[in-house]
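Chemist: Protein sequences appear in the order of chains A and B.
Heads up: the first sequence is residues 212 to 326, going by the numbering used here.
Heads up: the second sequence is residues 11 to 123, going by the numbering used here.
Don't take every hint at face value.
[Stated by the list, open to error] With a cut-off of at most 35 Å between alpha-carbon atoms, the simulated DSBU-like pairs for lysine-lysine come out as follows:
1. K68(B) to K238(A)
2. K79(B) to K282(A)
3. K282(A) to K255(A)
[Claimed, not checked] To give an idea of the chain A side of the interface with chain B (calculated C-beta under 8 Å), a few residues:
4. Q261
5. E263
6. F276
7. E283
8. Y315
9. G320
Rather than coming from a laboratory, the hints here were simulated on the basis of the structure.
We treat Cβ as the ideally placed atom computed from N, Cα and C, and that holds for glycine.
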Amino acid sequence: NAGVMQNPRHLVRRRGQEARLRCSPMKGHSHVYWYRQLPEEGLKFMVYLQKENIIDESGMPKERFSAEFPKEGPSILRIQQVVRGDSAAYFCASSPPTEINYGYTFGSGTRLTVV
Amino acid sequence: AQSVTQLDSQVPVFEEAPVELRCNYSSSVSVYLFWYVQYPNQGLQLLLKYLSGSTLVKGINGFEAEFNKSQTSFHLRKPSVHISDTAEYFCAAVETGANNLFFGTGTRLTVIP
C-alpha cells in the first residue's frame with residue numbers, strides 16, 4: 212500500500228511563472244490536506260479538501276493560490292505568478308473519512324524554489 | 011485560540027544520554043496530540059499520538075510522551091538516544107472535531123558522538 216505520493220519532489224520556478232504541485236492520497240483516503248513549511252518554521256495549514264469539495268481553505272492566501280481535488284486524479288495545489296516568498300516546502304497529508312482528526316499520513320513534500 | 015509551543019529550538023545531547031523535548035499547548039476544548047519527526051529533506055513521520063486513555067504513550071524508535079492536562083504539556087522523552095535520532099521534531103495538536111493540525115515551530119535534536 213503506497214503512502215501519500217507527492218510530485219515533483221523539487222520544483223524551480225522563475226518569478227511570475229505558475230507552480231503546480233500534485234498529491235495522490237493513500238488508497239482508501241478521501242480527505243486531503245495541504246500544509247506549507249517556510250524555512251526554519253513549523254508547518255502551517257493551508258486547505259482541507261474532499262473529493263470535488265473544498266471544506267476549509269482558511270489557511271490559503273487570498274490571491275494566487277488555489278487547490279482542487281477532482282473526482283479522478285490527484286489533488287493539485289496551484290500557485291500563480293510565483294514570488295520569492297512562495298519558496299517553501301509544501302506537504303500533503305491524507306486521512307480516511309473515519310479518522311479525520313488523527314489519521315494523517317504525510318507525503319515527502321515538494322520543495323519549491325522561486326528564482 | 012489554539013497554539014502549540016515548543017520551548018527549545020535546538021537540543022544537543024550526547025549519544026546514549028536521555029533527552030526530553032518540551033511541548034505545551036493551549037486550547038479551550040479537548041485536543042488530540044502528536045509528535046512527528048522530520049529527517050533532512052524528508053516528510054514527516056508520526057512518532058506517537060495521544061487520543062485518550064493512558065497518559066503515557068509509547069511510540070516508535072523507543073520514544074514516549076506523557077500527556078499532562080493540568081500543565082497542558084505533552085513532552086517527548088527517550089532514555090538513550092542514538093546518532094540516528096538526529097532530526098527535527100514537531101509537536102502538533104488538533105481540537106476534537108476540527109480539521110487541521112496546529113504545529114509547533116520544531117526542535118532540532120542533535121546527537122553528539
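Chemist: Each hint: holds or not?
Modeler: Results of checking the hints against the structure:
1. Distance restraint check for K68(B) and K238(A): the Cα-Cα separation of roughly 27 Å lies within the 35 Å cut-off, and the hinted pair is therefore satisfied.
2. In summary, the hint linking K79(B) to K282(A) is not supported, as the alpha carbons are separated by about 41 Å, beyond the 35 Å threshold.
3. Distance check on the hinted pair: K282(A) and K255(A) sit about 26 Å apart at the alpha-carbon level, within 35 Å; holds.
4. For Q261(A), the suggested interface contact is broken, since its CB lies about 10 Å from the closest CB of chain B, more than 8 Å.
5. A hinted interface residue such as E263(A) counts as satisfied when its beta carbon comes closer than 8 Å to some beta carbon of chain B; here the least separation is about 17 Å, so the hint is violated.
6. A least Cβ separation of about 16 Å between F276(A) and chain B goes past the 8 Å threshold, and the interface hint is therefore violated.
7. Annotation: interface hint on E283(A) violated; nearest CB of chain B at approximately 24 Å, more than 8 Å.
8. This hint holds: Y315(A) has a C-beta 7 Å from the nearest C-beta of chain B, less than the 8 Å allowed.
9. The beta carbon of G320(A) comes within 5 Å of a beta carbon in chain B, closer than 8 Å, and the hint placing it at the interface holds.
Of the hints listed earlier, those the structure fails to meet are numbers 2, 4, 5, 6 and 7, in rising order.
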